[in-house]
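J.: Can you join these two chains into the complex? Each is in its own frame, and there are hints to help.
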Amino acid sequence: MKKTIFLAFVFPMILLFGYAAAHAGWEAGTVVRFDTNVNRSIDGGKSDGFLVGHLGFARTPTGERRWGVTMSATLEGAAYAKISDLDYVAVTGSPGIVFVPHALWTVAVTPFLQAKGVRDADQSAIAFGGRVSIEERIWRNLYLGQYYVYTDSGANIDTFSFSEHSLGAYAGLVATRALTVELGYEFTRGDSFRVVGTSASSTLGPGMHQHFSSAFGTDVVREEVDSHAVSVSVSKEWARDLFSRAGYTFTNMNGDLGTSTIHAGYFGLGYRF
Amino acid sequence: MQGTATGLIRPESGPVRFHLHSDRDEYTVLTGPAWYWSDLSIELPDGTPVRVQGSKSLGRDGNLYIIAQEMETPRTRRFFFFRDEGGFPLWKGSGAGRTGHGIGMGSPMGGHGGTGGGHGGGTRGHR
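Note that the protein sequences, when read in sequence, are chains V and L.
According to numbering that gives the first Met the number 0, the residues represented by the first sequence are 0 to 272, in order.
According to numbering that gives the first Met the number 0, the residues represented by the second sequence are 0 to 126, in order.
With the rest of the complex left out, here is chain L (with noise of 0.2 Å):
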């Protein structure tokens, strides 16, 4: 989705949030918390044209938002990333919450000494 930006809110909690004006709609922009954005320095002046790619959805309140995974500011070239290719939030950083991560499913990696010695489980492994 292609269009240019307005009316940046950086919420003390919640996700950091835009308008983004298309030739066609108007959409409400999710991306992540405000230290996120900060530590990325991203700037976004109302104006600033922007592409973003995400999941579009119809609020219960009418609107149009799109959960941002992805977002390019082509006038400077930067690209702003959300969530990874599976929908993980990047600024929870550990992969905990990843794709198939289980909790009972550690890697066997570093298995000798005892009984579980290479048998996986919570304490074992790398995730």
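So here's chain V without its partners, still in its complex pose (with noise of 0.2 Å):
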């Protein structure tokens, strides 16, 4: 495990910290999300609002030679509405590499590091995991990529710990000289947490833990699960240093235990110096 962490973060650090072509800078934002499903409920399920704020570091290639190096690291945290169990601060390291094979291919390849503490400490968790990317340029304006994450969280409780693996696509278009849309679609299979409702104990299967959760006030049972989700995000450039974001996905979660439907979104403004 020390071995692992070693080659997948403190190895590319060494790396990155000698590399001085690359572009560098600070970013602060606010966002505001909402998710109808926060307790991951097969009936139906605790809507929430929350608000986000962030600051973070990234380091992006000049682009001058084929591969560069990246690096972001971001401190966020995050006040729910009305379940403040959810509350929580996060800290997230993420060295990469990006190789560009051709000028209208870009391989990425990013293991990402993340410590977070919920006020509902049993969802405290150490995450780490990596993601392999590839992006096409189509036209001058217009992108795909697809994606594939592999992410293992550990969670102070079992039953909010989970590895899964994601596949994703997306297609961009640079509309305007400050507009971006992107439309995404994304496939998962792994763990999670799930409310069911009523005591689930009866039906549990093999791999299957439960706890009461205080945080949601009812059992929670961990599971494995598809979820396809879909996705519409827009970006729009305010000013040169000013941006703003806003998305909606919905995801359709299926397990033993029965299928969770979740709609979320978020409006975010943010500053980079």
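Rather than coming from a laboratory, the hints here were simulated on the basis of the structure.
No false leads were mixed into what you were given.
Which chain V residues face chain L? A few, computed with CB under 10 Å, are given here:
(1) Pro60
(2) Thr61
(3) Gly67
(4) Phe98
(5) Val99
(6) His101
(7) Leu103
(8) Arg136
(9) Trp138
(10) Ala174
(11) Thr179
Quick list of the computed label-pair ranges, beta carbon to beta carbon:
(12) V:His22 to L:Lys55: 19 to 25 Å
(13) L:Phe78 to V:Gln145: 21 to 27 Å
(14) L:Arg77 to V:Val233: 29 to 35 Å
With the Cβ distance kept under 7 Å, some of the chain V side facing chain L (calculated, not the full set):
(15) Arg65
(16) Thr105
(17) Asn140
(18) Val173
(19) Arg176
Just so it is clear, the structure is predicted and the values come from calculations on it, not from any experiment.
Note that beta-carbon positions come from the ideal geometry of N, C-alpha and C, so glycine has one too.
T.: Have a look at this one:
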């Protein structure tokens, strides 16, 4: 485990700080989000809105060479309107490598490590994983992308731990000088906590974990699920350093315990400096 | 801007550049890195007619520059793109620096599991 973390994070960082041909900058922002099923219930679910503030640092290659190293580090905090037990603070580090084998193709490999402290300590977790993406430029203002993400998150209570594999694809259009639109689809297979409404003890299958969650006020069960998600997002540049982004995602999650649907959206403002 | 190209320079670092002679003025056109030109097999012998679209500016040295977004060689009817509509350099490949792709505004896609399921952040979503 320690060797994996060294190879995935520390070694790329050593490379990163020795590499001068990069752009670096800070960003601060705030995002208003909503989620119609924060407890991942198979029967309706609890909806909530929350406010996220973030401060981040990003370093991207200049593009003078075919390859470059990237780095992003983000500190974010969230406050929920109704279920304050879900309030959290998270730190994420993500070094990466970008390779451009041809002018129209980009390959990026990005491991990440995240530490998250949640007011409901059961859900505090350390997560690590990696993302591999390929992006193709179809025309000057049109691009396609595909990606794979692996995430392994270990929470204080096992019911909230998960590992998952995601495959996704997206299409983006730089519609005007300041407006970008993206459409995406993602398939995910992995573990998820779920609220089943009534005690599910009698129906628990192999590999399922059950725990009483004080945050949700009911039993929570972890099981393996398949998810399909479709999304749309719109980014707008208001000034050189000021931008906004809004998005909506519909997710359908299927498991042995049932089906959950989630509508989630956000609107955020960001400032680069 | 339309004219003829001369004096192509393909430096090891920095943008490939050439002079564009129009009816009225002479410009230095700044494009992308040499490897990007190689990938797109761009040839620009002296005297080639070209049409360049981009941002014009007056340099501190008193010369006129064009930061090229798009270039066309009318004789071959080929188009070469250097920057997208938002000015993002296409040779940088990934959209990491594109308009509005905030560090802390990851798409909420793909989020089940854990407390942050679906809540975006730096590790979720495709940006």
